[in-house]
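S.K.: Could you slot chains B, C, D and E onto chain A? The hints should help.
Protein sequences appear in the order of chains A, B, C, D and E. Mapping to the working numbering: the first sequence position 163 is 163, numbers consecutive. Mapping to the working numbering: the second sequence position 143 is 143, numbers consecutive. Mapping to the working numbering: the third sequence position 21 is 21, numbers consecutive. Mapping to the working numbering: the fourth sequence position 448 is 448, numbers consecutive. Mapping to the working numbering: the fifth sequence position 153 is 153, numbers consecutive.
The set of hints was computed from the structure by calculation and includes no laboratory data. Please note that a few of the clues may not be correct.
Here are the simulated lysine to any residue pairs, SDA-like style, with alpha carbons at most 25 angstroms apart [claimed, not checked]:
#1 K531/D <-> G22/E
#2 K229/B <-> K29/C
#3 K20/C <-> D40/C
#4 K530/D <-> D15/E
#5 K533/D <-> D150/E
#6 K5/B <-> K530/D
#7 K156/E <-> R180/C
#8 K531/D <-> E90/E
#9 K176/C <-> D15/E
#10 K584/D <-> L142/D
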Amino acid sequence: MIDILLMILTGIGVALFGFVLQTSIAGVNRKVVARVQKRYGPKWYQEFLDIFKLLSKRSVTHGWIFDFGVIMALGGIIGTAMFMPLTSSFMAFDGYDNFFIFVYLIAVGMLGMAMSASGSGNPLASIGVMRALTTMLAYEVPFMIVVLTIIKITGTSSLSEIGLFQQVAGNSWFFIALPIGGIVAVMALMGMLGKKPFETYIAPAEIASGPMVEYGGKQLGMLFIMHEITVFIEVSLFVHLFLGGAENIVLFIVKYFVVYTALNIISSVYGRFKIDQVVLFFYKWPLIMAITQAFIAIYLGWVI
Amino acid sequence: MKEMKLFLGPQHPGMHGNASVHIYVDGDIIKKSFLLPGMLHRGFEKGMERHSWVNNISLIPRVCVVEPDTNEMAFAMAVEMLAKLEVPERAHWIRMIILELARLSIHLMAYGGLGSPTGLYTMMYHAHTDRNTILNIFEKITGHRVYHQYIVPGGVRKDLPVGIEKDIHSFLDDLESRYEEYRDLGINNPTIQARINDTIPLPAEVVWELGVTGIGMRSAVNKPYDLRKVKPYARYDQVEFDVPVAPYSDAYARVDCKLQEVVQSIGIIRQCLAKMPEGDVRVPISRGQAMRWTVPKGHVYACVESSRGEFGYFMVSDGGTNPYRVGVRGASYPQGLLGIEKYLPGTRLDDAALWVDTMGVCSPEIDR
Amino acid sequence: MTNSMSNTEFVTNLVESKFKVLSTEVLDKYQVSFEVKKEDVHSLLSLLKTSGWIQLSYLSAVDWPNDNEFELVYIVFNWDKAVHIQIRCRLDRETASMNSILPIFPGCKYYEREAHEFFGIKFPGNPDHEKQLILEEWDDIPPLRKDFDPRAYSDRKFSKMEYKNDFVNKNGEVSKQDARTKRYDDIDKLRTGGKK
Amino acid sequence: MTVELLILVALASGILAYFVGRLNKVLGAVVTIVASMFIFIMIGYMMQDINAGTTFNYNAVEYMPDFVTFMVTYLGLFFAILVTFIFAMVSFFNPFFVEKYKYPALYSMLYLFSLAGVLGVFLTDNFMVLFFFFEFIVWSGLFLIPLGKNNKAAISYYAFSTAGSFALLYAIFIMFAQTGSYNLHLGLATVSGTTEGTYVLALLAFAAFAKLGAFPLNVWLPRALGKAPDAITAVFSGGLEKLGAFVAVLALVKLAPIGDIAGTLGGLTEATFLFASQYIVATLGAMTIVFGTLMAIRQDDAKKLLAYSSMSNGGYILVALSLGGTLGLSGGLYHIVAHALASAAAFLAIGAVSRVTGTTKMSELGGMIHKMPVTYMVYLIAIISMAGIPPMGGFISKWLIFQAVIDNGLILIAVAVFFGSIGSFLYVFRPLAALFLGQELPQHRDKAKEAPFFMLLPMLILSGLIVFTGVMPNIFLDFINDVIAELGGTGLLLGDYTITGVNGVLQPTLIASVFGVGVLIAFIIFILLKKSKKVGLMDTYTAGNFIYTEELMHYSLDFYAPLERLYEKHINITKDFYKKLENKVVDFGRMIKYFFFTNKPEITVFWIIVLIGFLLWGEL
Amino acid sequence: MLSTKFSPMSKEEVDRKWWEIGDFFRRNSLWMLMYCTGCCAIELPPAMTSAYDMERLGMGPMATPRQADVLLVTGYLSLKTLRRLIYTYEQMSEPKYIVGFGSCTINGGIYHDSHAVINQLNKYIPVDVFVAGCMPNTEAVMNGFVDLMDLIKNKKANGWKDYHERYEWYLANQKAALGEVRVHDEFHE
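With the rest of the complex left out, here is chain A (with noise of 0.2 angstroms):
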C-alpha cells in the first residue's frame, strides 16, 4: 500500500516538474519568438506570472456542466502526465508507461474542455472544439501510423523500452532510422501542440479563440495549466518515441527544449490553415508517407 502511495506521490511530482519545465520553457520561447518578430519579449517567467494571475481572478461560471469539464479536463491530463517516464529509467508506474494510455487518457482531458467549452453556451465555443476534434482526426492518423511502426519494430509499446531500444548500440534514433516517417511525426507534433499552421481552433481573428472564447479567472488558469501539461506530455512523447528517449534528466530537458523551440520557430514563420485545409493536408501527404514508412519498415525491414 505505502509504495503505492509512493508512486502515486512520484507521479504527482512528475507532473508538477512537467508544468515547471514546460511553462519555463514556454517563457522562453516566448522571448525565442519575440526575437523572431523583432521584439524584446516578456520576462521568461511571464507564463508563471500570467497563469497565477489567472488563478487569483474572480471569475464566472456558466452552469456545473462549465466547472466539471474544467475539472475533469486538468484531472484527466495530470493523471496522463503522471504516467510519463522523464528519462528511460525514471518513472512513477514502472511498466505502465504503455504509449495507448497516452494517446487516449489525454482524450478524457480533451473531451472534459470540449464538454465545459460547450456547456458555455458559446456557439464560437462550439465551433472551437468542432475544429478541434477535426484537426485530431488529421493528424492522429499518420501519427499513429508511424508509431505503429516503431512499436512493430520493438515489439514493445512502452515508451521508456522504446526509448532503451534506441540507446543499444546500434540502433539509431527513430527520428533517423524511419526518416520519412520522422517527418510525418513533427508534422503531427504540430497539429497536436496546435501550433501553427495547424492552429485552426484557436483562430482568434475567426472564432475569438475558439474552446477558450468564455473563460477567465481561475477556470482559465486551469486550462492553461492544462494546457501546459499537455504540450508537455506531447513534446515528451515525441523525444521519447523518436530521439532515444533520454539517459538523463538534463538530457530530457535539453531534448525537450530543442524540440519544443524549433516548432516554435518553424510556426513563427506560417500562417493558419483553413480546418478542411488541415484535414486535406494530412490525409494527403503525411498519411502516404506514414504508410510507406510503415511499408518499408516493417515488410521490407529497411531500418537504418
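M.R.: Frame of chain A; chains B, C, D and E shown alone:
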C-alpha cells in the same frame, strides 16, 4: 432552415476598427451577413458646418484614422476649387511626398493586418515596425505622428525640415531591400497562399453595381483606373508610375496589388524628392483674421485616390465663414456596407475577416 | 488626358440636348454640375449610365431651410472620360420624397438610407430605407437638418466635465506629478547605484 | 431451469403480456420487465451450473433426438447473458413508452418473443433450431420496427435480414448434405478446410454482415434504428445486432481460414500471418468502420448517429474476430460486451430525452443537461466508453484490438481502425454538444424534466457496469478466456489487476485510480480558489453585441460542415447502389406485371398456360 | 481560504496578504482587451510591436472580455459604442481596470458638441487611468500603462469596486445618456 448568428466585431480580433459584421451561418457557410455601422459616428458632417474653414483643418484628419492625409488633401482641394486658390509648385510636390508616405504606411499596415486573419503575426510585427518608421518621419515633418494637419488649403503648413530627404531615402532603401523578404514571408508563403488564393472573389461585373473603387476594382476589371492617372491632381501627371492591375480579384490579387503599389509609391517619392523645386509652400489665404475667412458660393466635389479607393469631399459654400454642407464619400463605403451584404454570403466564416482586411473596410469613414 | 476639355463639352452637349437643365456649371476640366428638375433625374441618370457614367460616387442631400427645400446631389463618374458629373435637384422640404434610383445604381442603397436617416427624405423603392443605419435609438429630428442644434442636444443628454476652480491638493496625497518625479528619481538612483 | 423451459416461459409470458396489455397497456409492459428480469436471472444461475470444459446437453424432445436440441456452451452463454441483460435493462423503459405505440399489447408480446428467439439462437447446437429462432427474431423485429410508425424501415430491415437468413439456410443445407446431421459443431467441423467450407464461410459471413449491418449490407441498420421505437433501438443495437457477431464467431473461428497468403508474401520479412478469407473479412470490417464513422459524423438525428456508430463498432468486432488469435478473439469478444453496454446506455439516454421532447433531431434540441443531468452523465459515460477512452470498458477492448492489428502488421487496416477510433470522438461528441450542452432552447425549457426513477435505474446500472468493465475488466476477461478455451484458443495472460498483451502490460485499475487522483488534485485546486459568479447562458461573448434568441446562439446544425464537405459527394455509394437495385427490382416487377397481369384476362391466361406447359415440358 | 488555526494572522490580514500577492501577479500580467473604440487605437499597434513592445511589461492582447484585465477605451465613444462597451465591461472578470485614451474620454475633446459622442467617460463606467492627448503619443500610452501598474501596486485601481458600490449612480447616468442600455440591434431585419 436553422441558422446560427455570429458576430465579427466590434470587439473581435478579426475586425479592424469599431464596426460589427453580423453573420448568419449554416455550418460554416455564411448565409446572410451585414455590417452594423455607426459605432464611430461622431457627426462630422454636422460638426464641420459648425466650424470655420480654418478650424476644420484640425477636424478633417480625424474622419479616417488610418489615412488622415487623403482627407486633408481632398478637403484642401475642395476648398481650393471653391476659393480658386493657386497652390505653389513646391507645395504640390510636398503633398505628393506626404500622400505617398501615407499610402506606404497604410499599405504596410494592411499587409501586416493580413497577418491577423491568417495567423501570421510575425508579418504583422515586421510591417508595423516599418510603419512606425514612417510615423517617425511624419513626426519630423509635421510635428505629429498620426493626425498631421499638414496639407492645408493653399499649400502645406510649413516647408520640409532640413535633412529629411536623407531620412526618407534611407527608409525607402531599407524597405526596398526587404521587399522580397516581405513577399516571401507573406503572400509567397504556402500557408498564406492556401488561405488567400481564390478567396472571396469579386467578379468584374459586380464592381460597378457596388461602386467599389481602388484596388478592389482595379484588380477585378484589369484596367488602370486610378484617379492619380485618370484625373491627375497635384503633380501626379509629372511623375512616372504604373498602376498595378489584375484580371481576377481574389484576396491574393488584392494583396498583390497592394504590394506592387508599395514599389510604385517608393518610386514616386524618389521622383518627388528629385524633381521638387524650391519656392514657397503656401499661399496665405487671408491677411490676419483667418477664422473669418469666407469662401465664395459654390458646390464642388473633390476626390483623391486613397489606398482603398476614391475618397471624395462634396462641399457646399454659401459664401459664409463656415462650410454650408460637407459630404464625405468614404472610400470603403461600398465594399463595407453593400459588399458585405451582397458578396460575403456563400463564403466561409474563416474568410469573413479577410474581406474586411483585403478590401480595406475602414469603419470611421463609413460612420463619420 | 489631352482631350478632357472636350469631355466636359461632350457631357454638356449630351445632357443639354436631351433635357431641360436649370443650370450648368463647368467646375473644372474634370467636373460638370447640372441642376435639373426632380422628374428628370431618373432618365438623366439612365442616360448617363448608358453613356459610360457607370459609377455612382456619391449621393447625399443639402438642407436649404430658407427656401424650404432639400437639394439632392448625385455624383456619377466615368473612368474613361474622367468626368465627375453632379446632378442636383430640389425637393420640397415638408414632403421630401424621391423615388429610389436602386434599379439604375444598386450601389445607392445605403446612401439613400443614410440620407433618410440624416435628413428625413423618403426614398420609395428602396426596401430598407426607413430603418436606422448609423444612429441607434435616435429621439430627435434628423441630425443633419439645419434646424438641429447638436450642442443643445449634447448639453441636454451628456453631462459635461465640471472643472473645479481651485486645484490645491487638500488631502495631502502625493500628486501624480510628484509621484512621477519621485519615480524618475528612483530610476536615476538605480542607474547611478544610489549615488546622487 | 432448462433452456427449453426458459424459452417456453418467454413465449408464454409474451402471450400473457399480450392479454394483460389488452386490458391495461402499462401492466402489459410491466409483465415484460418481470419476465425478462426473471429470464436474465435464470440465465445467470446457469452460469453457476456450467463447469469449465463441459457442456450440458438438453435433449428436449426425446422422440426426435436430432431435430430439436439445446446446448449450453460458454460461447452461447456469453452472448445469452449479455443480450438477456440488455433486454432486462431496456424492459424498464417499456412502461413509459407503450403509450406512444399503436399496438402496445403487441409490442409487449413481440418484445418477449424476440427474447425467446435470442435464447433459442444462442443456446443450441442445432442448425435447424438456430435457423428457426433466427427467423423468429427477424419476424418479431419486422413487426416491432413499424411501431415507430415507419414501414419503409421495417421493409428494409426485413429485406436484408431475410437475405441473411437465406444465406444461413444455404449454409445449413451444405453442411447437412455433408454430414446428414443438423448438429452445429459437427457440421462446422466437417466442412472446415474443404471446398464446401469456403461456401459455408462465405454464406455465414454474409449472414453475419447482414445482421451486424456491416459494409456493404449496411443500409437497413440506420433506417431501422433511426425509425424504430426508442426502447427497441437500444435492444437492437445492444442485443439483437450481436446475433451477427455470434454468427461471425461461428464462421471465423470454428471454420478453418482459407487461402494461405502468408506463403505468397513469404519473401517479405515478418509478413502477416493472415489468410485470405480473414484478410477479406478484416478489410470489409475496416471499410465498415470508416464508412460508419463518416456517415455517423454527418447525421442530424441522434438515433441515426448512434445507429451508424453501432455499425462502425460492428466493424471493429469483425476486424478483431477475423484477425483471430488470443488478442483478436478476446478483443472482439470484449468489444461486444463494451459496445453492447455503451450503446444500450446511449440509446436509452437518447430515448429518455426523446420521451420528454418528442424529437431526437439534434438541430431541434439543446441544453438538455440543465433539466436532465443524470441522463447526461449516463450518456457521457457511454460515449467515453464508445470512444475508447479510459477508464471505461471501450478502452480495454480497443487496446486489445489495436495490439492485434499492430501485431499482425496490417497497415491499411490500422489506418481504418485508428480513423474509426478518433472519428468516434467526433460523432459521439456531437449529441453531447448539440443535444445536451449549448443553449437551453425555450421550447423545451418548460416541458423537459428528469426521467423518472425507473427509467434512470437501468441507465445507472448500465453506466455502473461500463465503468466496472473499464476498471476491473479481469472478471469479464476470465469468462472470455473460458470462451476462448472452448473455441480452442489460448486465453489472455491475466494477473490480479493486470492484462498482458503482446507488447505491453495494462493495469486498468491503476489507470482509473491515477485518473481519480488527477481529478482530485484538480478539484482541490478548483475548490481552493475563489468561488465563481453564476451567470446565465445567454450572457456570453457576442463581440459586444446584444442578442436574445437562443436558437441563434446554439451551434447544432451541420456541426462538422467543413469536414463533411470533403466527402459528402463520395459517401452515398452503397445507398445509391441499393437505390438502383431497388429501382431495377421495381422495374422488373412492372415488366412482369406488364406482360402477365394486363387488364386483358386472355393474355394472362395465355401466359399461365405457357408457363404450365413449360413446367410440364420434361414430364410430358 | 486558509484556516486561521495555524496562523497568527486574522482572516482579514490573510486575505489582504493574498490580495497583495495577487496584485503582484495582476500588475505584471495585464491582458488588454482588443476593443478599438476610437481613433486612439491607431497608436496601439506601435505600442504592441517592436518599437515599444508592450509584452515586456507582460501586457498582451486578448480576444474576449472574459479573459482580459484591462479595457482600453481608445478615444471617443458614440452612443452605439458606449452600449456595447458597458456590456463588454460587465462581462469582464474582476478585478478589471479601464484606461481611457485621449481627450475625448476626459471631456469630449474635439467632439464636445457632437450629438453622437458622450463627453465624460467616467460618468458611465469607472476609469482608473486617463491618458490625455489627441491623440496620445505612444510614449504617453506606455506611460499610462506604467501608471496603472503603480495604481494597482498602491491599491488605488479600485474602479471595479466603485462600480459595484455606486452601481445605481452609474446606471442612472447610463440611462440618462443612452435611454435603453441594452437594445435590439437587429436594424437590418
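S.K.: Against each hint, give a clear statement of whether it holds in the structure.
M.R.: Verification of the supplied hints:
no. : hint              : verdict
1   : K531/D <-> G22/E  : holds (16 angstroms)
2   : K229/B <-> K29/C  : holds (14 angstroms)
3   : K20/C <-> D40/C   : holds (8 angstroms)
4   : K530/D <-> D15/E  : holds (11 angstroms)
5   : K533/D <-> D150/E : violated (28 angstroms)
6   : K5/B <-> K530/D   : violated (33 angstroms)
7   : K156/E <-> R180/C : holds (16 angstroms)
8   : K531/D <-> E90/E  : holds (18 angstroms)
9   : K176/C <-> D15/E  : violated (28 angstroms)
10  : K584/D <-> L142/D : holds (24 angstroms)
Hint compliance for this structure: hints 5, 6 and 9 are broken, all remaining hints hold.
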